[in-house]
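Residue-level listing of the chains:
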Amino acid sequence: MLKASSWMMVLCAIALLWPVEFGSAAQAGDDETGRPAQDYAVRARRIYVLDKVDYLEDAWMIIRGGKIDSLGTGAIPDADLPVVDFRGASLLPGLVSTESRIFVGADATGMGARYVAADKFNPYANFQASWRHGVTTARLTSPGRRFVSGIGSVVRFGANAEDSTVLVRQADLTVNFNDEAGRGESPDAELVTPSSMDVPYRPAERRRPETRLGRILALETLLRDVRVAKNQDEPSLKLLALGEFLESGRPFRFDAERRGDILQALEAAKRNGLPIYLAGATEAHALVDEIAAAKISVVVDFDNALPDPSFNGFDPVTPIIEDDRTAAVLENRGVRVIIGGHSDDLLMSAALAVKGGMTEGAALRAVTARPADLLGVGDRVGRLKAGMDADFVVINGDPLGTSSRVQQAWVLGSQAWSLAAVDKMPEAVVVRAGKIYDGKGGVYLDAEVLIEDGKVVAVGHRVQRPAYARMHDAGPEAVITPGFIDIHSTLGLEGDSSTVKSDQNLSKLFSRARPEFAAVARAGITTAVVAPGKGSSSGSPIIAIKTQGKNRKELISKAAAGVKLTVRGSGASVLKSLESTLNSADNYHKKWLKYEAELAAFEAAKKNGKLPKAAAPKGKTPPKVSPKPSAEASDALSGTWEATLSGGPMGEPMKLTMRLALEGTDFTGTVTDPFGGSQDAPITGTFDGTTFEAKVEPEDAPFENVRVTAKMTEPEVLKGSVDVDGIFEIDLSAKRTSKGKPKITVKRAVTAVASGPKGPKKPKYSARFEPFRKVLSGKAGIMVAATGAEAVGAVVQAFGKRKLPVVILGGAGAHEVLDKIDGNSVGIAIWRQYTRQDKARNILIPDELDRAGVSPLFQSNGSWGASRLPRFVRAAVREGLNPETALRSLTYDAARLMRMDDSVGSLSRGCDGDLLIFDGEPFDARTSLVEVLIRGKEVQ
Amino acid sequence: MIARPIGSPLIALVAALVFVLAFASPGMAQEKLALMAGKVLTMDEKDTVLNNVIVFLKDRKIEKIIPQRGAVIPADYRVIDHRDKWLVPGLIDPHNHTSSEEFGSLVGEFGSLTNPGLRALDLAMPRTESNIRSLAGGVTTVLLIPGSATNLGGFGVVARVGCSEMDDFILKEIGSVKIAQAGNPERFYFRKGRSYMNYNLRQTLQKAKDYHEAWNRFESKKSKTQPKFDAHWESFRGLFRRTFPASVHTQIYQVVHASIAMLSDEFGIKLMIDHGTFDGYKLGKQVAERGIHAMIGPRMWWMDPVDRTINGTAAGYWKNGVKKIGLNTDAGVLPQEDLPMQGAMSVRYGFDTYAALKGMTYWAADSLGLANRIGSLQPGFDADIVVWSGNPIDFRSSVDKVYVLGSEVYNADERRIY
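If you read the sequences in order, they're chains A and B. For the first sequence, the positions run 0 to 939 when numbering that gives the first Met the number 0 is used. For the second sequence, the positions run 0 to 417 when numbering that gives the first Met the number 0 is used.
It cannot be assumed that every hint is accurate.
Said to hold, decoys possible - Chain B side only, calculated, beta carbon under 7 Å to chain A, not exhaustive: (1) G110; (2) S111; (3) N114; (4) P115; (5) G116; (6) N197; (7) N199; (8) Q205.
Unchecked claim - Below, in silico cross-link-like pairs of lysine to aspartate or glutamate (EDC-like), each with a Cα-Cα straight-line distance of 20 Å or less: (9) A:K738 / A:D821; (10) A:K760 / A:E662; (11) B:K191 / A:E662; (12) B:K208 / A:E595; (13) B:K206 / A:E595; (14) B:K227 / A:D197; (15) A:K763 / A:E515; (16) B:K191 / B:E172.
Claimed, not checked - Among the chain A residues that face chain B by a calculated CB cut under 7 Å, a handful are: (17) T192; (18) S194; (19) M196; (20) D197; (21) Q463; (22) A466.
It is worth saying that the hints were derived from the structure and are not from the lab. The C-beta atom is built at its ideal place from N, Cα and C for all residues, glycine as well.
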């Protein structure tokens, strides 16, 4: 056998060669920076220009050389430009933050006027914390809580260091009028310790004046010093910097939170003739008249960060009064309001401002155009209009929606950041429609469904919208249903009408969707339960496949979906045959149930240490000898067999030797390693005179399940196949070279395992009944092709007795035994004929079944012809079938009866994201099926 | 004592009278003892060892030592026969941080890099647990010093650990000035390096020296201006008079060299190499030439990374010609009662047995300027005597009794601590 390591190498090689699929984040990026090599256009559901109008619907924007060239709606005028289509998303100008918290921290002593925030800007830093909130331009704060705490600068967070530049070096000068006492920071600077103790300690320097008197004095002293410094030969750096700033005409930023401090700040500005704007003015709502009269801008902060519920505020006696209406009240009095917050999540702040009464347009401008104007960069960023820098962010929905997320940030026309690319997020889409049928009978109006990594995560009127989720708005007229299930199909089995036995693995036949599957998929059938055309009385395997999929994993929905039986004859003979099969299967199932129960008890006892302790293993176990050599034995199997393996993946035939000893119908033995290894593998199995079924257990091989099935077509000859893990099959032919029970010795010494008390003995594996075991344990479905009232009655009786759900294929004549059918566990999959004549009356069979409480199911019994199945159902609806029954039959009922409802048939959490988007009611003749998603992916 | 001018002789006289009346000296009424012993290690300059002698104790001091044969013991002496046991001077640990309940502030008071003016005296405390245990190890005197987190931690105090009264406990108010070079202050203090520390220490010492010289000029009437009293520098005067040493935590070749150059050669300070380990012993010749004391421990060996040999540090100084070698514990790094074990370990790594004993007694006393009072058993010396069952640095020997200032302070027959 091949050694595990060489197999691993093969697997690794395959993994490396597998084509890597890149996420959509790189769709427009032609170089490392994500900047398209040439000019391009973007499209989006909405572009918030925030200029004369708030936004353009269904709009485009052309970007040339990192700047906005033009915008419009409808067709893009230059059809040759590459287009980045953001589909349902909204584009917003990159947000402008008036107080970015990145690069905080600086020296904490003294007056900080000489500090210029630009000096701490690092263009190589990671700006993710800002981008994820949509902030692409920010004013860097001057450090600390000092009284005069330095000059703020405006910077851009670009896609690369080259684009990350300082836009304005001296934007404003911060003066902090707040009373910072009691805010967890000592007003005193650090004590300076002299290096020798004889040098006296000096009392700590105060960081800032702590009274209003002191603040006014400090400010006016400073302004006086600046004036005086003009005449000095060598003024201090601080005064020099301040003088330079005063001459620039840029505003002072007065931070004042309480009404008293705000009033003081306004007074100080007026008396000294300083241009100012107010920031952090929480209680500004109490001073609207004064602020309006001063004709200044105000930055209003909102509590947009994760709050700490255990924090009780700074001052319980005179708390600071927060009011979400502050921004709106100021706005209404003509004050220019800019929105800030305790974090960079400015959109959250803007939404809170809207709650307080601001219009959405004003709120959005208050985080884009207005702060840009305030900081002196309004001619470059903050609006989306021709000539401006192409700084914009992509939001999956309403920009102010709490569930919406910033997905991408583009700066100077380059994609600076994409959440999906950064965080390797799952592929996700939120589909919205006017109506969603969940398949189980639930209907949601104006609803959404979130699909992540191909699975339904949520469905409802509004669902969460992870930042990585694409938004797909199908419009208010659209109707969403689960993907349809063809409950009996031969898709993929074309040309093969032979009987397939239940022990054969159909999944080998499916590796990827064939071209003809697409027609079926586009018709809305997302899952096909595929069964061999010709059934057998002993049972044929069933597989469920998707109608789209690039590989086996994607294509196969459920490899062992169940069993198909075909019954013929009178009621009695059908019943007898069914009883016989089901009884045998039941016995087999019970043996396994018993074994599993015993095993569980054994494991539990072992875990609790209740088993008697066995002797510790001693190194290697002695070679296994089985059975004991017998002097005389002459049966058809015992002896030495020389076998040849060929076909399948084998380049050339290989030889191996089997040494077998038969005892009744069971045999044991050894198999030599066909790859030339010295270790023999044990073989065990059954032989009934003709059929040879065996299991080989090679050590150190990458296979788990090696099964040999062969027939003794003539004496001394076995012909059959070897199945390796259900992956490939190898032909086997063997000839007996010597008779008699050999002395069988497994030459390799098996590494000793703790030889504790042995667990219960495993029942013998039966390939034939294994699928039935899945059915009986509720893990797979069963369908029975039966025609005629007697046969249908027999089926109903046999399965009803066992309380097993069953799908009856065809089921002509079922109407005669309708009263005996339990609609909860029997579905009748009609085929071709959906009407029958009862005397002169034309009866619609599915309707008749429905009224009797039996699920009418729909099968194509065909391959690509299945694309006509939905039209067939539509016809039934036209004839009078309840459309909701029709939908349920094609979705949830089909899945439920085939025991597949954990993965298909409804839009329940955890089910596959298979859904159909119609532009109206599903079975209305005027309606078209607009789009089909299989596992969250659009069918092309 | 701080040489502070006394205001008025009259006040002093009254104070002295009050003192005498209030506390009639307990020493006056002390029981006189005659200790008979099989062997007395006097540890005097002549290395005298006496067998079968009687040691007479009177007025807290050793009165005389005479042979037993033909001796007449006056009736007012209580005779205590120690048979064949050894009488040895109480051991002295010259590097100790524990004889105080303020251990934390002693080792960790990080005022500045150099802390002139801080005194361990202000923290010393008799009757502590560690003092009592100390006796059980035969250690009667310790130099209690500030820790090594700063470059100059302050002044150490010599404490007689067996005493329960503060007046007896404080043997010498200013026992040394504690200097810690490199190593610890580098790690603990403001990330200053050696060159800065040496610069800063030199500045501090220069200020102290200037103060001392200004007073000298005034006292020798060369100057009429009386300098202003300054608590930072006052205690340094004894250092420059060489009445007590600088106990310098210095152990690495380069650091020891720098310490000798600055403190001994430049400032003329009496130096005690303290906590002496690592490869400082390679400077033994220079140390010996200058008569510097080397106190070794707590680590008794150093592995030479070049020739990959393990070297005894005490043995290293010894072989390089240094005679004035003592041993220390750095208690609570090691408990001070383990000082005899330090002796044993030093011998284990190549030191001389008698030299180890002499180091823990005579040389330690000599280093502290107390060799005329303690550290050896001579008439007129303080009666601090330990009764051993045998050689103190033999692991098998035990301390059976301790006399401090002529009184029995520990008796293993009553309660053996260990």
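Quick rundown of the hints versus the structure:
Annotation: B:G110 was flagged as interfacial toward chain A, and the flag holds, the nearest CB pair being 5 Å apart, inside 7 Å. Taken as an interface hint, B:S111 checks out: its beta carbon lies about 4 Å from the nearest beta carbon of chain A, inside 7 Å. Hint status for B:N114: holds, given a least beta-carbon distance of 5 Å to chain A, under 7 Å. The interface hint given for B:P115 is met, as the beta carbon of that residue sits about 6 Å from the closest beta carbon of chain A, less than 7 Å.
Taken as an interface hint, B:G116 checks out: its beta carbon lies about 6 Å from the nearest beta carbon of chain A, inside 7 Å. Taking 7 Å as the C-beta contact cut-off toward chain A, the hint placing B:N197 at the interface is violated, the least distance being around 12 Å. Look at B:N199: its Cβ gets to within about 5 Å of chain A, closer than 7 Å, so that hint holds up. Hint status for B:Q205: violated, given a least beta-carbon distance of 11 Å to chain A, over 7 Å.
Pair hint A:K738 plus A:D821 does not hold up; C-alpha atoms about 58 Å apart against a cutoff of 20 Å. For the proposed pair A:K760 and A:E662, the alpha carbon gap of about 18 Å is at most 20 Å, so the pair holds. Between the alpha carbons of B:K191 and A:E662 the distance comes to roughly 89 Å, so the proposed pair goes past 20 Å and is violated. A distance of roughly 93 Å separates the Cα atoms of B:K208 and A:E595; the hinted pair therefore is violated under the 20 Å criterion.
Taken as a hint, the B:K206 and A:E595 pair is broken in the structure, with Cα atoms around 91 Å apart against an allowance of 20 Å. Simply put, B:K227 and A:D197 have alpha-carbon atoms about 14 Å apart, close enough for the 20 Å limit, and the pair holds. For the given pair, A:K763 sits about 42 Å from A:E515 by alpha-carbon distance, which is inconsistent with the 20 Å threshold. For the hint pairing B:K191 with B:E172, the CA-to-CA distance comes to about 31 Å; that exceeds 20 Å, so the pair is violated.
Interface hint at A:T192: satisfied, since its Cβ lies 6 Å from the closest Cβ of chain B, which is below the 7 Å cut-off. About 4 Å separates the beta-carbon of A:S194 from the nearest beta-carbon of chain B, less than 7 Å, and the hint is met. Of the supplied interface hints, the one on A:M196 holds, with its beta-carbon coming within about 4 Å of a beta-carbon of chain B, less than 7 Å. At about 4 Å, the closest approach between the beta carbon of A:D197 and any beta carbon in chain B falls short of 7 Å, and the interface hint on this residue holds.
Because the beta carbon of A:Q463 sits about 51 Å from the nearest beta carbon in chain B, more than 7 Å, this interface hint is broken. Checking A:A466 against chain B: minimum C-beta separation of about 44 Å lies over 7 Å; hint violated.
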